[in-house]
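S.K.: Residue numbers (this note's numbering), protein chains in the order written: chain A, 1 to 100; chain B, 101 to 583.
If you're looking for bench data, these hints aren't it; they were derived computationally from the structure. Among the hints, a few may not be true.
[To be verified] Below, computed lysine-lysine pairings styled on DSS-like, alpha-carbon distance capped at 27 Å:
1. B:453 to B:472
2. A:85 to B:402
3. B:402 to B:472
4. A:85 to A:99
5. A:99 to B:472
6. B:402 to A:99
[Claimed, not checked] Which residues of chain A face chain B? A partial, calculated answer using Cβ under 10 Å:
7. 13
8. 15
9. 36
10. 75
11. 83
12. 84
Cβ atoms here follow ideal geometry from the backbone N, Cα and C, with glycine treated the same way.
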Amino acid sequence: MLELEYYLILSALLFTTGVIGVLVRRNAIIIFMCIELMLNAANLAFVAISRSLGQTEGQVFVFFVMTVAAAEVAIGLAIIVSVFKHRQTINVDEVNSLKG
Amino acid sequence: MPIDINWQLLMPELVIGLTLLLVLVFDMIDSLSKTVLGWLTIVGAGIALWVSVTMRLDSTYGITFGGMFAVDGFSVFFNIIFLVSTMLVSLISINYLRGDSADRRRERRQGPYYLLILLATLGMMLMAAGNELIVVFLGLELMSLSLYVLAGYFREHAVSSEAGMKYLLLGAFASAFFLYGIALLYGGTGTTSIPAIATVVASGSPSPLLLAGMFLLIVGFGFKVAIVPFHQWAPDVYDGAPTTIAAFISAGPKAAGFAAFLRIFTEALQHLQPEWGGVVILLAMLTMTVGNVLAIAQTNIKRMLAYSSVAHAGYVLIGVAAANREGISSAMLYLLVYCIMNIGAFAAVILAKTSAGERLTLSDYAGLGFRKPLLALFLTVMLLSLAGFPPTAGFVGKFYVFKSAVQAGHIWLVAIGAVNTAISAFYYLRVVVTMYMREPAGEVDVSPYPRTLVVGLVLAAIGVLLIGILPSLVFDAAQNSGL
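Bound-form chain A, shown alone (with noise of 0.2 Å):
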């Protein structure tokens, strides 16, 4: 089996490019779906730590993670498609009438 560490550093790994791409893509979808990226990046570390600890909590915590993330991927598709109908556009950067 593999150490505990090579597990995080993936992890961290995929938190990190989860954020980047959430900075830097303009696209709703694409910035959801590195969030989506996020939350599994904490699932693998999770399931990582519970069995490095010989435990089953964290493998447990995984499924009600994955039972958030779907709920907010129907809530958030839905939402972006009522921009979508005002605007015919999802890039965050031109769906801007809120500023000052």
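Using the hints provided, position chain B relative to the given structure of chain A.
M.R.: Relative to the frame of chain A, chain B by itself:
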């Protein structure tokens, strides 16, 4: 392993859960006026409030669900804050949602609105009582997901959808930080139970994983309660969201974020206070100053209130930074006071509307003091309270927060807080001056007052003045409810 569940401790949550089921069922009866759903929400929240107050008086406290759910003075006090906010917001929503009688589609869509408000309230209650990080996370998500939908509720308006999308993207981003923080805390301590983390943290030097997790949690909370530099979403969301929802987002969820923040940082991570204390002090200074300075530049009243709510989060952080018993209870008192006065201010903004729509720019308020003297008076009371003038509740809140910081030795923090109070007086009073000293540009159109909105505003004003004159009424309760 059988889990012993003490249902009595869950009474307020059960009442809210039952109410939301009733709202769901009554929404399906077509012949029923949708206004009933609003009243049902108010009654449900009122019963839950009454139950919470009795639990507070009888000290019905305990830990249940295998240690996951802690009902103590702290969570019950926060429940009272959430339920008061929910009742006030539902009260001001009833007329606001009905809108113009021509808008039949809006009339039909009231059911989900109240349902989501109740779900968000339930999420907040879980956050305050969560004794396990994963329960706190689930509560946070239940609250946030409901709020994303509510912010984008008027989907026929482009700005409302835009507010929903901005809130969703930044809120989900923050949740991911929060979750990763929990994962690292789990890695650093081997548990997610708050008391167990406290034991592990107290027993040895912190691992790097634990410290990294702690800072990620600060970032996650920072976004949720709109602390500078994580506040950029707040003005846009408050501006675009329905005004009642802006009032709601600025009140309950902010208190819920601080409830979870206080429980995690002053209980689980209490022994790491040297590590996070400095960061919180820095954030408090930044939040107060940036919030107040940016509020001066605003001409739109909703955006001004948004920046002012950012600044108020900074005052609460002063109490958190003190991190002693006094500091926690003063932060709790401040949150209660802030929720009441902020909802009151938003209610007054809604009431000031004309037949053409809401009065949102500052110049729209010129001459309001003569045309609508009573409304202007109530708005003045709310603004004076937000600015912290005696004898209003805002003064009492600031007084106790500053006092706790002095006791903890943060003199500089108090000095910066005092300077900020002076800065904030400028933009709050500017609205008052505009109302009473400036002539209106054109004819001021006087529309009739919707009754429920008036009741909401009057109740908020009574609350603000009562706490301002008799602070011991709630301060003793807050003091006995610290962690």
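S.K.: Against each hint, give a clear statement of whether it holds in the structure.
M.R.: A quick look at each hint next to the structure:
Restraint check for residue 453 of chain B and residue 472 of chain B: the C-alpha separation of about 11 Å stays at or below 27 Å, so the hint holds. Of the pairs offered as hints, the one joining residue 85 of chain A and residue 402 of chain B holds, with about 26 Å between alpha carbons and a cut-off of 27 Å not exceeded. At most 27 Å may separate the alpha-carbon atoms for a hinted pair to count; residue 402 of chain B and residue 472 of chain B meet this at roughly 20 Å. Proposed proximity of residue 85 of chain A and residue 99 of chain A is supported: the alpha carbons are some 21 Å apart, at most 27 Å.
This hinted pair does not check out: residue 99 of chain A and residue 472 of chain B have alpha carbons roughly 30 Å apart, beyond 27 Å. Under the criterion of a C-alpha separation no larger than 27 Å, the hint pairing residue 402 of chain B with residue 99 of chain A is consistent with the structure, at around 12 Å. Proximity of residue 13 of chain A to chain B is violated relative to the hint, the smallest CB-CB distance being about 12 Å (cut-off 10 Å). Given the 10 Å rule on beta carbons, the hint for residue 15 of chain A holds: about 6 Å separates it from the nearest Cβ of chain B.
Hint on residue 36 of chain A holds. Least Cβ distance to chain B is approximately 9 Å, under the 10 Å limit. With its C-beta approaching chain B no nearer than about 5 Å, residue 75 of chain A sits inside the 10 Å limit, and its interface hint holds. Contact between residue 83 of chain A and chain B, as hinted, is supported at the beta carbon level, the nearest pair being about 5 Å apart and thus within 10 Å. With 10 Å as the threshold, the beta carbon of residue 84 of chain A comes within range of chain B, its nearest partner Cβ sitting at about 9 Å, so the hint holds.
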